[in-house]
Amino acid sequence: MSTPELDAGAGHSPNQEILRLEDVGKSYGNVHALRGVSLSVRQGEITCVLGDNGAGKSTLIKIIAGLHQHTEGRFTVNGEAVRFGSPREALDRGIATVYQDLALVPLMSIWRNFFLGSELTRGSGPLRRLDVERMKRVTEEELVKMGISVPDLDRHVGALSGGQRQCIAIARAIHFGAKALVLDEPTAALGVKQSGVVLKYIAKARDAGLGVVFITHNPHHAHLVGNHFVILNRGRVSLDAGRGDVSLDRLTNEMAGGAELEALSHELSRPGSTPEPAAAGRTTTEN
Amino acid sequence: MSTPELDAGAGHSPNQEILRLEDVGKSYGNVHALRGVSLSVRQGEITCVLGDNGAGKSTLIKIIAGLHQHTEGRFTVNGEAVRFGSPREALDRGIATVYQDLALVPLMSIWRNFFLGSELTRGSGPLRRLDVERMKRVTEEELVKMGISVPDLDRHVGALSGGQRQCIAIARAIHFGAKALVLDEPTAALGVKQSGVVLKYIAKARDAGLGVVFITHNPHHAHLVGNHFVILNRGRVSLDAGRGDVSLDRLTNEMAGGAELEALSHELSRPGSTPEPAAAGRTTTEN
Amino acid sequence: MSQAVQAAPAPPGSVDDRVRRRSLLASVLSRPEVGSLVGAVAVFALFFAVAPTFRQAASFATVLYAGSTIGIMALAVALLMIGGEFDLSAGVAVTTSALFASTFAYQLNLNLWVGVAAALVVSLGIGAFNGWLLMRTGLPSFLITLGTFFILQGVNLGVTKLLTGNVSSTSVSDMDGFEQARAVFASTVPIGGVSVKITVFWWLLFVAIGTWVLLRTKTGNWIFAAGGDKAAARAVGVPVRATKIGLFMTVGFMAWFVGMHQLFSFNAIQSGGGVGQEFIYIIAAVVGGCLLTGGYGSAVGSAIGALIFGMTSLGIVYAGWDANWFKAFLGVMLLLATIVNMIVKNQAAKR
Amino acid sequence: MSQAVQAAPAPPGSVDDRVRRRSLLASVLSRPEVGSLVGAVAVFALFFAVAPTFRQAASFATVLYAGSTIGIMALAVALLMIGGEFDLSAGVAVTTSALFASTFAYQLNLNLWVGVAAALVVSLGIGAFNGWLLMRTGLPSFLITLGTFFILQGVNLGVTKLLTGNVSSTSVSDMDGFEQARAVFASTVPIGGVSVKITVFWWLLFVAIGTWVLLRTKTGNWIFAAGGDKAAARAVGVPVRATKIGLFMTVGFMAWFVGMHQLFSFNAIQSGGGVGQEFIYIIAAVVGGCLLTGGYGSAVGSAIGALIFGMTSLGIVYAGWDANWFKAFLGVMLLLATIVNMIVKNQAAKR
Amino acid sequence: GGRQEDEAPAGGAAGKADTPTMKIAMITHAAPGDTFWDIVRKGAEAAAAKDNVDLNYQGAPEAGDQVNLVQQAIDADVDGIAVTLAKAEAMAPVVKAATEAGIPVVAFNGGFEEWQEAGALGYFGQDERTAGEAAGQRLTTEGAKKALCVIHEQGHVGLEARCAGVAETFGGQTENLYVTGTDMPAVQQAITSKLQQDPAIDRVVTLGAPYALTAVKSVADAGSSAQIGTFDTNADLMAAIEGGDIQWAIDQQPYLQGYLAVDSLWLYNTNGNTIGGGQATQTGPAFVDASNVDRVAEFAAGGTR
Ligand SMILES: Nc1ncnc2c1ncn2[C@@H]1O[C@H](COP(=O)(O)OP(=O)(O)OP(=O)(O)O)[C@@H](O)[C@H]1O
Ligand SMILES: Nc1ncnc2c1ncn2[C@@H]1O[C@H](COP(=O)(O)OP(=O)(O)OP(=O)(O)O)[C@@H](O)[C@H]1O
Ligand SMILES: [Mg+2]
Ligand SMILES: [Mg+2]
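Chains as they are written, first to last, in my numbering: chain A, 94 to 380; chain B, 94 to 380; chain C, 828 to 1178; chain D, 828 to 1178; chain E, 697 to 1001.
Think of the hints as simulated: they come from the structure by calculation, not from any bench.
Note that CB positions come from ideal geometry on N, CA and C, so glycine has one too.
Don't take every hint at face value.
Unchecked claim - In silico contact screen, one side only, chain E against chain C (beta carbon under 7 Å); selected entries: (1) D714; (2) M718; (3) K719; (4) P728; (5) G729; (6) P789; (7) P881; (8) T888; (9) S889; (10) Q892; (11) P906; (12) T1000.
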């Protein structure tokens, strides 16, 4: 396991650029979800994409993952301009993705979901068949490493808790990501411990020389591992900075879209004396 | 809006108990998801339910919400033993819930989803009809208050981002919760700003005299607003304490199931020199 | 590589500049029924061009009549499909209702209206039974109503044979109440020299009520929710069970209505009738824009679907195309109509 | 109210004490086909008790034969349904294949095997067309294959009439290659004094292959994924498009096989045949435990479903029950078989 | 209206034979619920009652299913099989299997040309094509110009053969129209539209009594002056012929077909007789029209004509 010397704090990194988006835009019908977004992901670096709800983060990673196609701009992988027709093409270039909606098939078992689309086989010709033993073993190992206990790998994914499902999606992407790893809010449903494990994995992938795109709403998480921060705001890039150029506080403020957060935390920590919050919201049920 | 005097820090609270679970258990087939869980939710208090992934939190709130039935123990609402046959019964007692999977109908518009099951009508007899204007107005107001901009209330919920969807579910529950508010990881997909707004709402509901059950993986969030903390571990209660009895650090440690978190944060903050994390996890794609 | 902020964040809650206002055209185009409406216009234009007879008002009245007999049932089936369920017994239920009304009144020597009322009870009962069994067992409605389909088919024949000794019911044309009932269910209304069947007007009325219920009442909301996501609907307190049973009973009601129409226009009912009609109804609903998976569709759409089906099957006759190829033409026309529908929808989505 | 820790947290990754080991019985019971197997046993026991003829080995061979002709197609239809799609043209496609083989060889005076091979190409082509149009247009398969259904039905009649002047194809019994083809597709194998139709063995073989493919190959994984959640499957790189087209072609292949069986057992083919059979296939698949919504089911289940259907429809005759009530009996039996199925599943879920 | 207390029971009741109970299977190519086949069955049941026969009546439109039904009768080791050979090619092997198993087989209704080759003992009925030809001749003598032949089940051999027969002997033009027999309003609409499209049509020929009655409404709706003839009869049809709405009906005496088929098997088993002596026994075609309708109507009311 190589541990390349990283200059994590610098703006300009000497590492090779794996993914590059230039002025990329995307519309869904009459909604212009992304406009003129530029971004680059380098080998051995973690690019954090941050932003408000509905800012366009998931749309961005869906373009990278080949699920959607951009309607404007250029997208290059290893310097070559691409326009993925399907996620298969992205996977074939070593780009593995954890989607926000997880992309698991509820009625299929855990191990089948883990290896879906990249099944292990043995034998050849007409006798080529799934290597069930090995797939189960690998799945179990990977999940144990993530710190979740799933007693029965033949259980349907639909019967798992939200966090357990998320762990499977993450473990799968980490297992199959060869060049780049794209994670859309991977820690959203995760507990403290699992979140830690995931962050550790992300760091490890970076150290193994992968390019990582990490989307999160948690500035702490982002600041802990990120080399590079891109903040999206209503489909546009509003900040693009290296680790050295932003403090945690600045990041948090940028993400919250203003400084009103301080006030909030004060307000909340004094229960029983809440000052008038903007326009009373709750009414009791009627009807 | 009444602001009853709260003794948020004390273990014994004088407030009236709204919900009470005694030794409640629940099995899904061969999985015993909850065992002997006792819990009480009082008027004007926030009870935080914390715990690892798969600990049984969602199962617990589904029992409270009337979606599942407990297989063991006793569940009382306002002192009366109940066994809800359907969520409608819970709603009729003023218990509103935000489910982890949100319970939105993707092909229906935003305002229809907001009022689903509790539609406003006008006119009477055969002319009784939906009060579309008022429903749209209320929906818009509530969403604006949450700080998200949804330009077109006639959009299908299926076309919204994860966070936007979560906001709708929360706004709905807050609007309809009359006696108790149950929230299952409401801030999971939310940005920093929206999370703040949600916490503010939770505090406001408490101040208005509702009993709140708040499930989260974020110890900061929990500690900011909670009066009472229940930690679930593998279906059992492993900690049940008042606000005064636990510090944020203890809470975090309990939630992470040990002290290994410190090490992790250290480890991660020194990129480029990651020490051996337990058993190498990533292998490149093979197949 | 630190860059300056490129766009100032807009204040929260303000109007989102990313959203272009949808043109009125685009909003109209995105209604479920508009695509099929364009398909219907295309089919109409085609036959208008190739079949001279098709242009006559009298022919149009015949087409409308064909649309109405399919469309009244298709409406109920569409509502049921929006609510996420199927009813394979819908076709034979029509025959059951008609047989029951005539046999009941005949055997007991009653006024026909008593038979009509009793048949309504039976039809609603069959619907309620389907719905109840569905909710009780949790089996897919395909299986439940398939069972009812076979059972009703057998009962229609078995009972008729048992009571009349024949395979069709006895003619009711000379019984008390026949004329009034015929006026309600099966008369002809002359409009500007053209005789239009009364079912056409009933059809319009039912579609109007269906649209009102779907879009403007609680019940409509519940139907969409029950079909779109049953679990979510239940979780927010929608009475899913009652909604679905109600939908099955609506199918029962319409089956009764169409059954009465058949009874009073043909006087006697063949006990083997109705088999296969259930699919025509489903076809009309789907062509009209209903999703088979539930949660999406419209009442008007079902009417347009029925009209497309009626126009196509009669249009081929009006055009004088070779009868041997009838089904082939029908298939091609249906495919074309739905492909037009899809193109319109895609265009709408792009705006 | 601070309480002591009640249970020490278990170390991560260790065995979860909340999970009871499922008994072998419970695991077996939770397979998709087991419920229907119990249903099949119940139906078998019933007819074994009431119909003396049903107990003979020869009758059982007849039942197996009925099962095989439904079951071979039901297998392909079940695979397609697991993959999330329907094929309404499956019934008439059988007739198309048989008509094509005989007409092609007859009109051009060729060896029958040439006709058989050409029919295979045509059948696979129809399947591929269905699949391609489905993926190309994104319309529901119900509509696409409904179009094909009508078109094939029209073409069967139109072409046959055009070429032979009749509604059935000319007999092929005196053409070259007939005997060999008959041996392959429609011969009888004597086993212990009972003549068993060769289709029964083909059926077993196909079901075995189907099971192998579903459970032990990549393709099987993709079929489940494509039907269970198309979007998720695509997102992780499953070739959904190819999988679905392949499934339609499998239906085409089986339609060809059954068509050849019909051709070589009946020598001449009625152009109107096959209509309505598509639902029998779907029924068999659903009774055998396939979900209509896709993503769940089994090959063995489809076979059991076909057997239930065959046993029921023949059993009613063996029992000598009145033909007028045939459908009613069939409906009741089907409902009972599926309710037994459901009870078994619920029991399994509780363990 | 309504049920009359004194309605006579249908069918002729003869004395009962004292021969041992005989099991006979009757297997047709008809779906249940068809008027024509119901009368066939009544004839068969009348014979069965007289001959002390345990009759098992079955029908299936798909060739494969009909073959299976015959095979089942063989499995049940019946004493005789009466079968329609509308799809003679498909049925021949299983008929042979029955005779090889020592079960006498008679053919009826369909298979006028193929019954001997298939190995049946006798044939009772009316070739559909011949019946059609008779109708065609009648149309020609009436001086009709253009006839519409309404087929209520697409691809049905017997129905197609009737229309083909009409086309063959009719001097004028014949056109076929396919309608959905299970949906009466659709039948009415389709005939109406055809009459609107082609006003030259002056004869409508339907292939079943209920469809003839529906055609009456279509003719009225379309304002056409076409006359109506039909195959097969029932009670309402007789009234329509009496009232002049329908000109004639071709009666192939289905009651007789069923009766003779069963009776001949009984005779063969008890006395070695073959009705027809190796020749086909024709049961039609006979025309019912204004001239003889009163004679037939009486029995049609009982459901046996
Ligand atoms: N429908 C079900 N059938 C079977 N097992 C289930 C089902 N739902 C949940 N479980 C199991 O019950 C346990 C508790 O699940 P639950 O969803 O309550 O966890 P949770 O605490 O909410 O976790 P998370 O934080 O990941 O949401 C898990 O082991 C899960 O796999
Ligand atoms: N399929 C779609 N059709 C139409 N609009 C869409 C679709 N998907 C997303 N959008 C819109 O595009 C915008 C960006 O959505 P996106 O999912 O990328 O946001 P996000 O940054 O991932 O938000 P979140 O943090 O809530 O997940 C939102 O306004 C959303 O409503
Ligand atoms: Mg997102
Ligand atoms: Mg949960």
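Where does the structure disagree with the numbered hints, that is, which hint numbers, in rising order?
Numbers 1, 2, 3, 6 and 12 - these are the hints that the structure violates, sorted from lowest upward.
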